[in-house]
Amino acid sequence: MNAQTKPQADSATGTAFFSVRDIHAYYGESYIVQGVSFDIAEGDIVALLGRNGAGKTSTLRTLARAQDPQLKRGEIWLGDLPVHTLKDYQASQSGIQFVQEDRRIIPGLTVEENLQLSQIAEPKGWPLEKIYECFPRLAERRKQDGVTLSGGEQQMLAVARALARDIRLLLLDEPYEGLAPVIVKEIERIVSQIKELGITTIIVEQNAVAALELANRALILDMGQIVFDGTAKSVLDNPDLRNEYLAI
Amino acid sequence: MDQLILQLLNGLDKGAAYALIALGLTLVFGTLGIVNFAHGALFMIGAFCAVVFSRLLQLETVTIDPARLTPWGSPMEVRTPLVQAWLGDFGAVLVQWSVPLSILFAIPVMLIVGVAMERGLIRYFYKRAHADQILVTFGLAIVLQEIVKANFGANPIPVTAPAALAGSVDVGGWLGLSGVFYPWWRLVYLGFALAVMGLVIAFLRFTTYGMVVRAGMEDRQTVGFLGIDIEKRFTVVFGIAAVVAGIAGAMYTPIVSPNYHIGMDFLVLSFVVVVVGGMGSVSGAVFAGFLLGILQSFASMNEVKNILPGIDQVIIYLVAVVVLLVMPRGLMGRKGVMEN
Amino acid sequence: MTALRNDLIYLVVFAVAVLAMPIWLAPFGAAYPDLMQKFAIYGIFAIGFNILFGMTGYLSFGHAAFLGVGSYAAVWSFKLLSMNVIPAIALAVLVSGLFAAAIGYISLRRSGIYFSILTLAFAQMSYNLAYSVFTPITNGETGLQLALNDPRVIDRALFADAPGIPRPNLFGIELGGYEAFYLCAVILILCFFVAMRIDRSPFGMMLKAIKSNQTRMAYTGFNTRPYTLSAFIISGIYAGIAGGLLAVTDPLAGAERMQWTASGEVVLMTILGGVGTLVGPVIGAVVIKYFENIFSAFHMAKLEDIFSFLPDGLESFVVSIVSPFVGEGWHLTLGIMFMLIVVFLPGGLMEGARRIRARFGGGRGTGSKAHSSNPAPAE
Amino acid sequence: MLIKKINRRVFLQSSGIVGAGLAMPMILSSAARAQGFCNNPTGSKVVFGFNCPQTGAYAEEGKDQLKAYELAVKHINGEGDGGMLNTFKGTALKGNGILGKKVAYVTGDTQTKSDAARASATRMIERDGAIMISGGSSSGVAVAVQSLCQDMGIIFMSGLTHSNDTTGKDKKKNGFRHFFNAHMSGVAIAPVLGEAYGKERRAYHLTADYTWGWTQEESIKAATEALGWQTVQTVRTPVGAADFSQYITPVLNSGADVLILNHYGNDMVNSLRQAIQFGLRDKQVNGKNFEIVVPLFSELMAQGAGDAIKGIYGTANWDWKLENAGTKAFTKSFGEAYGTPPSQAAQTGYVQALLYADACERAGTFNPEGVVKALEDFEFDGLGNGPTLYRGSDHQCFKPVLVVQGKEKPKDKYDLLQVVKEVPTKTVTYDPSIFGGELGPVGTKC
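Residue numbers (this note's numbering), protein chains in the order written: chain A, 1 to 248; chain B, 1001 to 1340; chain C, 2001 to 2379; chain D, 3001 to 3446.
Bound conformation, chain A alone:
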């Protein structure tokens, strides 16, 4: 079943748009990401799937260059940029934007200040006007303390924060988690907008079906390793695979 990863070469340079080569990452002493490799072409929307504790969030955090888990081996390339040598803020400055799970809206700051925070460091993405245009709900509440927003609005704000930065690769961690179905619809609308913009995205989501509907590719993680790499459709069509690794 282990599909061989085929390097999808970028036509111009001969290297992939985003390439992960055998990364190993640790939380303290515990070995979480155990040699993950894959390549992504520009414009791909990739669903990173797997059971609880399979290492999805850890992989995403490693790609975003979080301090934890600690990357001990392996390389991450964004074009010819060695992402594995960067720190979190440098990764963001080079275009990798990470929307964390739980939204992480900063307490004590207004909606607008939360957005402004995204536009401190260069390069910037959408100006605030454009964001407010796209998210009128946020425009209404711009002076409100960010943490007083509803869960869905907070998720909007979190995505908007990413859009306010220059995006080459978007990492979305559990965007639908803990949201009522009505609100999930709204977030789905935003994510499909992102898809239309052609932003390369890796999405981690418990709700695999929702993620696979958006994605064109799927990666399945188990025990810290990639066990499947193929099209999103092939996962939806393969009940055995879903049963074994995704329990759906």
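Don't take every hint at face value.
Selected chain C positions facing chain B (in silico; Cβ < 8 Å) [said to hold, decoys possible]: (1) ILE2106; (2) ARG2110; (3) TYR2114; (4) LEU2120; (5) ALA2121; (6) SER2132; (7) VAL2267; (8) LEU2272; (9) GLY2329; (10) LEU2332; (11) LEU2334; (12) GLY2335; (13) VAL2343; (14) PRO2346.
Derived lysine-lysine pairs resembling DSS-like cross-links, with alpha carbons at most 27 Å apart [unchecked claim]: (15) LYS3074(D) - LYS2302(C); (16) LYS87(A) - LYS1127(B); (17) LYS2302(C) - LYS3094(D); (18) LYS3332(D) - LYS2302(C); (19) LYS1232(B) - LYS124(A).
Hint data in this document are derived by calculation from the structure and do not stem from the laboratory. Note that the Cβ used here is the ideal one computed from N, Cα and C, for glycine as well.
With the hints as your guide, set chains B, C and D onto chain A.
Leaving out everything else, chains B, C and D in the frame of chain A:
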């Protein structure tokens, strides 16, 4: 009535000193998560900035006069002050005003000291246990003290306020009472402290830089994912904390003669102030500083001491215990900060 | 079984090392009774402190209060009852235990730095009051001393008076320098043994579980207070025994024993030696007391004497390099040492020992690993 | 109850057999006990222990004192210019050490803490074999070390200690004090104050809240009240308060017209400077100028207080500007060696070392029994204070007391105090029984 006003002023003055030290301490807690036992040493270095500055202004050329002898028979030295020789009367004015002017000298010095301390040592301890932080900063504090002691001796060094601000002023006159006199310099110190605290709070509250710092205090990781090098900004915050402690020390010299130990004497108290105010809360530290200062002053009144002997010596700790038992995170503490 | 045997070996090695102090400390200039007594006494203090801090993670900044109270209790026992050390130590244990129970009961309502400041506040209040208002009980700054006309009711009832102020004794054995040292050493070994038993007991396991996950235990509705309070009281009693022994070896009790600097000292000893290890705190205590007593005692003439084997120019050069670090500069050396150790040996001196063992002893670490656990980050 | 009182010695011997197993190490220390007295010097050297504060608030005084001790050792051994040895009338010292043995010395840091001071004294006695301990800069430490030396059979020649207790309530047979005390300060300064400020004054005391402060407050209060002054209030202040404002403001409206600061060290520097900042000396109360008095002065603290001491009265044990041969000789050798004039802490230490050496030489032994005898009721002159008596009944020196005043126009930073009056010995002598205490027997056993 007069007594109450005077004690209130005393308390405000004391509180101003406590609050200024606690302010920097709590900023460093809140941003870097560091328990900085060397913070008192920064106050001490600031105080010695004032000493050094006034000595620089009073640099002298020394010539030997063989015609005159010291009591133990060696030739007498004749000293001519340099700055006065160059600048005449203006030099004398500079010497007069050396304490307030020393702030200009202390700010760059403290900034350098603070940034060097953070980059050179503290940053390796962000992720270490608080116990390790305590040990290393305590060690640093001792080393800094001993360096000062080796150069300036252990005796307190008298530093004078400008003559124009050395006497007392009739505060009662302003309030329509008679005969309430209070030293000028202490009022200056109070005003200075309020100004510094106002500046720091305004900086955090109303500038974009301050907004980023506040965001970093809440969630440094998210701020990092938004492309901001928060460590660099925290280094600057550490520098600011050092400057605040330093100029607080420099301006305090006419009130308490500085010696190498002055910072350690304030350290424990300022920790109590920070905790009573609530860890990481700047306004809490300011409020608690004034509160404890005022309570201490009133507890020292003979009328109070006659009823409760020794209360002036324990009041601060007593208040700390009561506050912490009633309000688990101090007066204005945030949830989850430094609770484990 | 092997764990038990390893513990036994560990204990025997420790006991031999302690009892043989007069021999192996001689080359270091530290083999005189008073300093060895201090090593043993502060070793007890630090072992006890580690039972609280090392096992539960609660950092008390006021532990010197119990040391001071223990001293006062012992001296009062000498003054009122008898010069025998047994009632003195018993009274020190009782008083410090009660005192620790009271302070611990209140302080343990909070955790983290709030706990530290509560303990600090209690200790500072004790110190300030002992220094001034409580002078009738503590004799203030001068310290509580024995006097010729003390009642000593038991002694007076049993024995005829001898001239002069009697010395503390153990059923007739007068406790001079070496006798007092061996008494302290034996008590240190006993205290070490008890600490080891606590460390290996279910109670000790529970304390360590509390340290590693206070919040989880709180969520599960488990009441940790009785455990932490017991640890606090035990560690307070250790401090009380140490304080009592200070009074036994030198019958004087001063308020400064309760000052925050004294509380800070035991924190430093423990961290320096290695938090959470059994023998680390003792080593920390030895190192700090050694610096305090030996490094402070060098003076110019003595340095010149030491380096006199060097040629003249070199001698004065070396002396001028060394002199800022000894004598009146001994604090400087201490500060630098704190920094170096914490920077390069995060687990204290025990971490250094472990690294040396790992380098030279290969993978043989039989049981030794159990004794040197790294302190968990406090966050 | 029929408990026969057993002779203590017999009991000790019989129980000693039981404790024989434990007592193995006693063999080591019993060697010391066989000497006849503690640390009997057997070689060509005799060791002095100088126990001075080298860290903490009094480190500077300790440093000055240590310099003086170094000088004393040199002079006793016949090195250097001899200092006061040349002016010490009728001394038995010949500048070849003591009883033919050269003097060596060890030092220790008291940290101005009783525990640390006793630990370092014990080290000097147990490890280094010191035969005498001297030094210190506070009364608490002096009392603590004095009782230790008594127990260990060593002579203690105290340094700067001013409390009445040192040779009063807490006096010891093995302890000797050259420095004057609070009582003498009070008796000496009162007439000068009466002359300068009049007999109708109302005094307010701020007192450091520990034993030395209390004894000084008591002594000054008694002396000024005898003069006709009233005491309005006595207020205790915590040691090391740094900011005394809350204790100073009540003075203004208390009706007092004199403030007496029973403070020493940093407390004195800060409280005095702050009192002046509060304008106390610019005030008129009860139609009189408000005055401040600091009963115990020290040059080093005067340096710390700066201009604040101008015109302030106090007392001192000695001053380097005194016009006598001993003072001149000592100031000369100290100034040549270290470039500054000596403080009174230095002088008292130096003199104590010389007196001890001389007593051994005269007694012909280092045995405390003999030394104590030689020092008790010893009269001497030429050590800077004029004719002096070491009184046998309490081991207190009696000599003139200096009343000093802060100079208005100092020539340099060492010229801060001027001697206003030398109060004769007769005036400051008192009945030793007023302070109680008992000397007890000489301690000779380790």
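Hint check:
1. Proximity of ILE2106(C) to chain B holds as hinted, the smallest CB-CB distance being about 7 Å (cut-off 8 Å).
2. With its C-beta approaching chain B no nearer than about 6 Å, ARG2110(C) sits inside the 8 Å limit, and its interface hint holds.
3. Interface hint status for TYR2114(C): upheld, as the beta-carbon distance to the closest one in chain B is roughly 5 Å, under 8 Å.
4. For LEU2120(C), the shortest C-beta to C-beta distance to chain B is roughly 7 Å, which falls under 8 Å, so the interface hint holds.
5. Of the supplied interface hints, the one on ALA2121(C) holds, with its beta-carbon coming within about 4 Å of a beta-carbon of chain B, less than 8 Å.
6. Against a cut-off of 8 Å between C-beta atoms, the interface hint on SER2132(C) holds, since the closest Cβ of chain B lies about 6 Å away.
7. Among the interface hints, the one on VAL2267(C) holds; its C-beta lies about 7 Å from the nearest C-beta in chain B, closer than the 8 Å criterion.
8. Hint status for LEU2272(C): holds, given a least beta-carbon distance of 7 Å to chain B, under 8 Å.
9. About 6 Å separates the beta-carbon of GLY2329(C) from the nearest beta-carbon of chain B, less than 8 Å, and the hint is met.
10. Of the supplied interface hints, the one on LEU2332(C) holds, with its beta-carbon coming within about 4 Å of a beta-carbon of chain B, less than 8 Å.
11. Evaluation of the LEU2334(C) hint against chain B yields a held restraint, the C-beta minimum of about 6 Å falling below 8 Å.
12. Annotation: interface hint on GLY2335(C) holds; nearest CB of chain B at approximately 3 Å, less than 8 Å.
13. The criterion of a C-beta within 8 Å of any C-beta in chain B is met by VAL2343(C), whose closest approach is roughly 7 Å, and the hint holds.
14. Given hint, PRO2346(C) at the interface with chain B, holds; its Cβ is 6 Å from that chain's nearest Cβ, closer than 8 Å.
15. Distance restraint check for LYS3074(D) and LYS2302(C): the Cα-Cα separation of roughly 14 Å lies within the 27 Å cut-off, and the hinted pair is therefore satisfied.
16. Under the criterion of a C-alpha separation no larger than 27 Å, the hint pairing LYS87(A) with LYS1127(B) is consistent with the structure, at around 16 Å.
17. Restraint check for LYS2302(C) and LYS3094(D): the C-alpha separation of about 25 Å stays at or below 27 Å, so the hint holds.
18. With a C-alpha separation of about 25 Å, the suggested pair LYS3332(D) and LYS2302(C) falls inside the 27 Å cut-off, and the hint holds.
19. Annotation: proposed proximity of LYS1232(B) to LYS124(A) holds, straight-line Cα distance about 20 Å (limit 27 Å).
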